[in-house]
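Enquirer: Okay, here's what each chain looks like letter by letter:
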Amino acid sequence: MSQQEIDQLVDQDYKYGFVTDIESDTLPPGLNEDVIREISTRKGEPEWLLEWRLEAYTKWLEMTPPEWAHLDYPPIDFQAISYFSAPKQQGDGPKSLDEVDPALIETYNKLGIPLEEQKMLAGVAVDAVFDSVSVVTTFKEKLHEAGVVFCPLSEAVHSHPELVKKFLGSVVPQNDNYYGALNSAVFSDGSFVYIPKGVRCPMELSTYFRINQQNTGQFERTLIVAEEGSYVSYLEGCTAPQRDENQLHAAVVELVAETDAEIKYSTVQNWFAGDDEGKGGIYNFVTKRGECRGDRAKISWTQLETGSAITWKYPSCVLKGADSVGEFYSVAVAGKKQQADTGTKMVHIGPRTRSTIISKGISTARGQNAYRGLVKVLPGAVDARNFTQCDSLLIGDQCGAHTFPYVEAQEPSAQLEHEATTSKVSDDQLFYLRTRGMSEEDALNMVVNGFCKEVFQKLPMEFAVEAEALLGITLEGAVG
Amino acid sequence: MLSIRNLHARVSDKPILKGINLEIGTGEIHAIMGPNGSGKSTLSSVLAGRDDYEVTDGEVIYMGQNLLDLEPEERAWAGVFLSFQYPVEIPGVKNIYLLKAAVNAIREHSGLPELRAGEFLKLVREKLKVMQIDESFLHRNVNEGFSGGEKKRNEILQMQLLEPTLALLDETDSGLDVDALRVVGEGINQMRSPERSVLLITHYQRLLDIVKPDFVHVLAHGEIKLSGDHTLAEKLEREGYEGIEAA
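Protein chains in written order, with the numbering used here: chain A, 1 to 480; chain B, 481 to 727.
Same shape as in the complex, but just chain A (with noise of 0.2 Å):
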């Protein structure tokens, strides 16, 4: 492939790029305690969250952003981002969808998200968020049946403040991390979800996050809690307009995994990335943890990250009960002027620990990519195990691939395996294929797809589906 044909391959407009007109609440730009406050009490929240959320302020205001990724990107002006966004409602919030804004349905009927099929369609809750504020919950009967706690985490606070109070901030503390910290300050809302001793959730639950308001940061807050014996799989999906300015995105997930409990978090998503300078698109600085507190407690990450024009996100775990087990499973492509820097990381703590790493990167156009992996094994984790795999694929010749995997084994008795491969997306390959009759576009997401073929089978079936389209949207355009 000539650098003409790629050029124009990855030449693509961003699909999902359109805004939906509905008035919006925002608070001017700016961040300090006033703001703080003010989030707080339009959320109605009580004094120990608001409290909590200041004491994460004075902390983050003490911590620097970190400078340690591969990523090149002009500084951020806090001070220029508007932290609070709500979509305006009458009363007290919809009962159905029927009270819900029609634009709003709209946006998702062409982000391919129809809410009312999905009530229908068998196995998937929506609690879907736009900008700050969740506006739809489904589903909530048939889990409520089964003692499942799905709802937004700002209505979490109200309906089961014990719970929340007890985990929040339990996996990733107020000053874990600078992005961490802010998210604790002044995060919007995002999903609660709290599974019960022995339960199955009965359906997978899915939220699709948006970014809507101009120069509004998202700060979602997820928690994810699995008592003794219980298994949640949750899916999380992202698309967002066509923005000119660069939009900060600081989210925190945290999961906590009980004994024998499961909890499979998948991810696909695709924020706008920016034209091919990489202006206007999103930067994306995610804290997700989860934490396997109880013995054979096991959590597992896959995600799609084919947006956003800085991505810095390490999906961890944390395996404290014996015989646990944390999974990683990712593809991440970076294009345009995209930049990546993302892996994981896996703490073992408790003995016989295991843990799996399947990284797969793809660079194109002049996308640079990253895995940044951490594999920490402290005394005590007798006979821990590790196996880390991280390839890369390199379309055209002036997109970049890195591999920065750290170790650091103080157990004498723990195996650690590190793979790493770099290919390149082969002329012969892509004849191949186009002498038995595939356009050299449908060649190259073969190739891809197959690439990426570890990881996708991690994924729900309807969301590994998702994902290929997804990947064939992301590279269209990248031959000619």
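Note that these hints are calculated values from the structure, not bench results.
Beta carbons: idealized from backbone N, C-alpha and C, even for Gly.
Be aware that a few hints might be false.
[Claimed, not checked] Which chain A residues face chain B? A few, computed with CB under 10 Å, are given here:
{"hint": "1", "residue": "L416"}
{"hint": "2", "residue": "H418"}
{"hint": "3", "residue": "T422"}
{"hint": "4", "residue": "K424"}
{"hint": "5", "residue": "S426"}
{"hint": "6", "residue": "D427"}
{"hint": "7", "residue": "D428"}
{"hint": "8", "residue": "Y432"}
{"hint": "9", "residue": "E440"}
{"hint": "10", "residue": "N449"}
[Said to hold, decoys possible] Straight-line distance between alpha carbons at most 25 Å, and here's what the computed DSS-like set of lysine-lysine pairs gives:
{"hint": "11", "chain 1": "B", "residue 1": "K574", "chain 2": "A", "residue 2": "K458"}
{"hint": "12", "chain 1": "B", "residue 1": "K580", "chain 2": "A", "residue 2": "K458"}
{"hint": "13", "chain 1": "A", "residue 1": "K345", "chain 2": "A", "residue 2": "K59"}
{"hint": "14", "chain 1": "B", "residue 1": "K692", "chain 2": "B", "residue 2": "K705"}
{"hint": "15", "chain 1": "B", "residue 1": "K609", "chain 2": "B", "residue 2": "K715"}
{"hint": "16", "chain 1": "A", "residue 1": "K453", "chain 2": "B", "residue 2": "K715"}
{"hint": "17", "chain 1": "A", "residue 1": "K453", "chain 2": "A", "residue 2": "K424"}
{"hint": "18", "chain 1": "B", "residue 1": "K574", "chain 2": "A", "residue 2": "K453"}
{"hint": "19", "chain 1": "A", "residue 1": "K337", "chain 2": "A", "residue 2": "K264"}
{"hint": "20", "chain 1": "A", "residue 1": "K165", "chain 2": "A", "residue 2": "K43"}
{"hint": "21", "chain 1": "A", "residue 1": "K43", "chain 2": "A", "residue 2": "K166"}
{"hint": "22", "chain 1": "A", "residue 1": "K376", "chain 2": "A", "residue 2": "K345"}
{"hint": "23", "chain 1": "A", "residue 1": "K166", "chain 2": "A", "residue 2": "K279"}
{"hint": "24", "chain 1": "A", "residue 1": "K424", "chain 2": "B", "residue 2": "K574"}
{"hint": "25", "chain 1": "B", "residue 1": "K692", "chain 2": "B", "residue 2": "K715"}
Model the placement of chain B on the given structure of chain A, informed by the hints.
Expert: Leaving out everything else, chain B in the frame of chain A:
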């Protein structure tokens, strides 16, 4: 069906084909033989559309159209098939997935409806039997870990499924043991039809004992030096290429 006129091609300034002339009629099987480096594989690559080669002169007319103007996939849609000397591995892609995508891509461009999973499976099982290939083969990644013989059988399996009008078979016999050679040869014979033409590129006569060509050509130094019927192949087997190369 295929008319190659004064075809010149080079790869990075090195001329490889120096004026090939060849007429292949409908339903005919032509064999091209020749020593290593004579340009045999270059010829099939140029005909299939690989862009590493630059055509510097001449033309190729296939069923009334200028073949060299078409992209590789357009040639496939028009009924041209290339069996690779070294089939390429596609990690993570199941063989059955490639086969189905290929069949449906070509059906789509022939105005035929897509084959549904059940119909496709029935068809592919039929062809597997002919090629004496185990069904587990379908679920392995394309050419990954295939033995030389398996790769070649897979190529002919694809030909059987795609039913091309013009099949270019590049050293399909290389790397095959006697049994595999017979299976592959029978697979080709089964595709013989008055509507289909085949260009067999080979080093040795042994495949030609099974697949009897109508014409045999000897390629050396980028030119066709000699043409004849299938007895020419036998003569070459006895006497070697030396005399011809010197000519």
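Enquirer: Hint check: is the beta carbon of H418(A) less than 10 Å from a beta carbon of chain B?
Expert: 19 Å, violated
Enquirer: Does the alpha-carbon distance linking K692(B) and K715(B) stay inside the 25 Å limit?
Expert: Answer holds: K692(B) to K715(B) is near 15 Å, not above 25 Å.
Enquirer: Would you mind confirming whether the straight-line C-alpha gap from K692(B) to K705(B) stays at or under 25 Å?
Expert: Since the Cα atoms of K692(B) and K705(B) sit roughly 21 Å apart, the hinted pair holds (cutoff 25 Å).
Enquirer: Hey, does the E440(A) contact hint survive, CB to chain B under 10 Å?
Expert: For E440(A), the interface hint holds, since the closest Cβ of chain B sits about 7 Å away, which is under 10 Å.
Enquirer: Are the Cα atoms of K609(B) and K715(B) separated by 25 Å or less?
Expert: 35 Å, violated
Enquirer: Let's test the interface hint: is any C-beta of chain B closer than 10 Å to that of D428(A)?
Expert: With a closest approach of 5 Å, the D428(A) hint holds.
Enquirer: Is K574(B) close enough to K453(A), meaning Cα to Cα at most 25 Å?
Expert: 10 Å, holds
Enquirer: Once the shortest beta carbon distance from Y432(A) to chain B is found, is it less than 10 Å?
Expert: Nearest chain B Cβ about 4 Å off; hint holds.
Enquirer: With the threshold set at 25 Å, check whether the alpha-carbon distance from K376(A) to K345(A) stays at or below it.
Expert: The hint holds at about 8 Å.
Enquirer: Just to be careful, I want the Cα atoms of K165(A) and K43(A) compared with a cutoff of 25 Å; is the pair within it?
Expert: Roughly 16 Å between the alpha carbons, so the hint for K165(A) and K43(A) holds.
Enquirer: Report holds or violated for the interface hint on L416(A), using the least CB-CB distance to chain B and a cut-off of 10 Å.
Expert: This hint is violated: L416(A) lies away from chain B, its Cβ roughly 24 Å from the closest one there, beyond 10 Å.
Enquirer: Would you check the hint for K580(B) and K458(A), treating anything up to 25 Å between C-alpha atoms as holding?
Expert: 23 Å, holds
Violated hints, listed in ascending order, are 1, 2, 3, 4, 15, 16, 19 and 23; each of the other numbered hints is respected by the structure.
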